[in-house]
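Sequence order for the protein chains is U and X.
Its first residue numbered 45, the first sequence is counted upward by one per residue in our numbering.
Its first residue numbered 10, the second sequence is counted upward by one per residue in our numbering.
Some clues are possibly wrong.
[What the hints assert, rightly or not] Facing chain X, from chain U, some residues (calculated, C-beta under 7 Å):
#1 Leu60
#2 Ile124
#3 Pro126
#4 Ala168
#5 Ala172
#6 Pro336
#7 Val342
#8 Ile353
#9 Leu375
[To be verified] Every beta carbon over 10 Å from chain U, so not counted as near; a handful from chain X, in silico:
#10 Thr22
#11 Val108
#12 Ala136
#13 Leu141
#14 Val179
#15 Arg184
#16 Val198
#17 Arg202
#18 Thr230
#19 Ala243
#20 Ser284
#21 Leu294
#22 Leu295
#23 Phe302
Think of the hints as simulated: they come from the structure by calculation, not from any bench.
Quick caveat: nothing in here was measured; it's all calculated off a predicted structure.
Cβ coordinates follow ideal geometry from the N, Cα and C atoms, glycine included.
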Amino acid sequence: MLELLAPVVLVAAVALFGTLVSTSTQTYVIGALVNVAIVVALYLFIGNSGVVSFGHISFVAVGAWTAGVLSIPLAEKPAIMPNLAGFLRHTSVGNVPSLALAAAVGGVFALIVGLPLMRLSGLAAGIATFGVLEITHNLLRYWEKIGPGVTTFSAVPETTGLLQAAIGALVAVIVAFAYQRTRYGRMLRATREDAAAARAVGVSIYGQRLLAFTLSGALAGLAGGLYVHVLPLNTELVYLNLTFITLAMLVIGGATSLWGAVVGAVVVSAVDSFLAEAENGVHVPGGTLDFPSGTRIVVVGALMAFVLIVRPSGLTGGRELPLPRALVRSLLTKFST
Amino acid sequence: MPVATVLGADWQTLADAFGLGGIYALMAVGIGLVFGVLRLVNFAYGQLVMAGAYALAFAYERGWPVWVGILLCFGVVVVLSLAMDLVVFRPLRSQSPAVMLVATFAVAFLLQSIALLWFKPLGKIAASLSSLNQPWTISGVDIRKISVVATVVAIGCLLALVALLGRTSVGLHMRAAALDFRTARLLGVRANRVISSAVIISGLLAAIVAVLMTVQTPLVTPDFALRDTILVLAGVVLGGMNRLISATLGGFAIGFASGFLGGALPTDQSQYLPSFLFAAVILVLLIRPGGLFTRSSAQAVERV
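Next comes chain U alone, as it looks inside the complex:
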């Protein structure tokens, strides 16, 4: 359980930091917490299985669409989404049910997609998950019966404040931690380390990957639900750039540990937010920083390439945070007495 402590404390610390700063900075903190949820969802599958998925943002998108379409007030639906299919037009749910449904739809979608795709591995899997992203983006963009199409998702209640984002991120962290402690998580990690050996002791690679894919799809859907309640989304915001930046977060932090996923999400979000501010001009001691727009991705891309070349296992080395032995021992003696 000790390994859970570090990620939880970090998420809590970020959330606490959010209460201390101005409202405009708080938006970035909320964004960072949503990123933590997305990256942890990515980690649950990619980190544990070792299979790269470029398709997870489609589960985020589907979750966002579910929560968004269902939580727009009935009166405003015809104006934003005139072509909506029947029952969606007459249904509206509250904040928490919309998040639960987002997670459920994300999970079911991942299960449906995973049933055929998890039979693939290697490059074929990577390209196929990319195909899923393309198809999802294409359908959400043009199919106006299930959402706003190319227009922006306005009028979604902006309920994801600091508290909701923090709770969402914590749920993702705890689910991912619980999963990796179960025998299923361990079996999947075994297939990552040595597929042949894992199969030899009776582990079904297909089954384990499918389980993790579904679970991480549900978390990604939840994160998408959180995201749509933060700001008005459109299809371009849940597409290639988000895929890139969340993969970068995972890789920079260290793809094979939960701690790495959380650290990567927080660190890259911090850098990214700072640069986003700097693109609008920010005052620092000794002058004004004013970067041209587009600097963010250059810096994050360079950072990611640099980390991959110099330290391919990420900032954390892909390990959970090792707590000092002395601390562990003192805690243990305290609890046992």
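Please arrange chain X on chain U, whose structure you already have, making use of the hints.
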């Protein structure tokens, strides 16, 4: 709709499809060559094409002659691909394919956003060869020149490549390295030289693709050729990565399908074209995970 216009549209569509198939086949060869020697899928290949297109636009804006623009394009792309090899591929050579794939994904975004910073999002025009968009009338049927030129250039390049791989010692080394890199090295193939020549040839192909593509899409933006690269990668995997010929066929197939369906479908359906294409790709991958054009006994070497 009268039959004649349907047929007329079909001839042009068919020629366009062949042209696009040819261009994609060239990109597939460029990606497949590097994959053969490095086991690395270069996600950033489209950004090489983009850089070449910007070089063409640069020359066009200054009113330089066409051949200077093309020369500049070749120079820029080859230098950039060598730089990419030196800075990114070489340090990563010992890493797993998954790490390399993610790394080139990062390089792709890096180059794209550098272009965004440098040239601004609005885009530049490279129209020095736009006269190729005029039609040729062949026995009463109008066909745009570029479709024919693209097809011919693609066939020419592929034949030249076949000759290079089959008849020269560099080609022999490259084929040996693609088959088994370690054994090839033991037998005296110089690793760095083989890799560099593969990278240079792949760069040259990217430059040719840039020239051909700017004729059809003269507006050069930072995401130039990005979507095409994704499609070509899908095509390459679809065809089968392990042999150059199957990768090329896969690239051609997806280019042809994309061009043909894009032209033949009415607008309200062609907006779903990416969905159709990728659904087809996924379907084929499920039936033949090793590739459409590979022998079924051939086993995939790479593991991601």
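Structure-based check of each hint:
1. Leu60: 32 Å, violated
2. Ile124: Violated, because the Cβ-Cβ distance from U:Ile124 to chain X comes to roughly 20 Å (cut-off 7 Å).
3. Pro126: Check failed: Cβ of U:Pro126 comes no nearer than 17 Å to chain X, outside 7 Å.
4. Ala168: 5 Å, holds
5. Ala172: Cβ of U:Ala172 sits 5 Å from chain X, so the hint holds.
6. Pro336: 6 Å, holds
7. Val342: It holds, given that the least Cβ distance between U:Val342 and chain X is near 5 Å, below 7 Å.
8. Ile353: 4 Å, holds
9. Leu375: Violated, because the Cβ-Cβ distance from U:Leu375 to chain X comes to roughly 36 Å (cut-off 7 Å).
10. Thr22: Label holds. Min Cβ-Cβ 21 Å, cutoff 10 Å.
11. Val108: 5 Å, violated
12. Ala136: 25 Å, holds
13. Leu141: Nearest chain U Cβ is 30 Å from X:Leu141, so the label holds.
14. Val179: 26 Å, holds
15. Arg184: It holds; X:Arg184 is separated from chain U by about 21 Å at its closest Cβ, greater than 10 Å.
16. Val198: Per Cβ check, X:Val198 is outside 10 Å of chain U; nearest 25 Å; holds.
17. Arg202: At roughly 23 Å from the nearest Cβ of chain U, X:Arg202 sits farther out than 10 Å, so the non-interface label holds.
18. Thr230: Correct as stated: the minimum Cβ-Cβ distance to chain U is 13 Å, above 10 Å.
19. Ala243: 5 Å, violated
20. Ser284: 5 Å, violated
21. Leu294: 5 Å, violated
22. Leu295: 5 Å, violated
23. Phe302: 14 Å, holds
In this structure, the hints that do not hold are numbers 1, 2, 3, 9, 11, 19, 20, 21, 22, in rising order.
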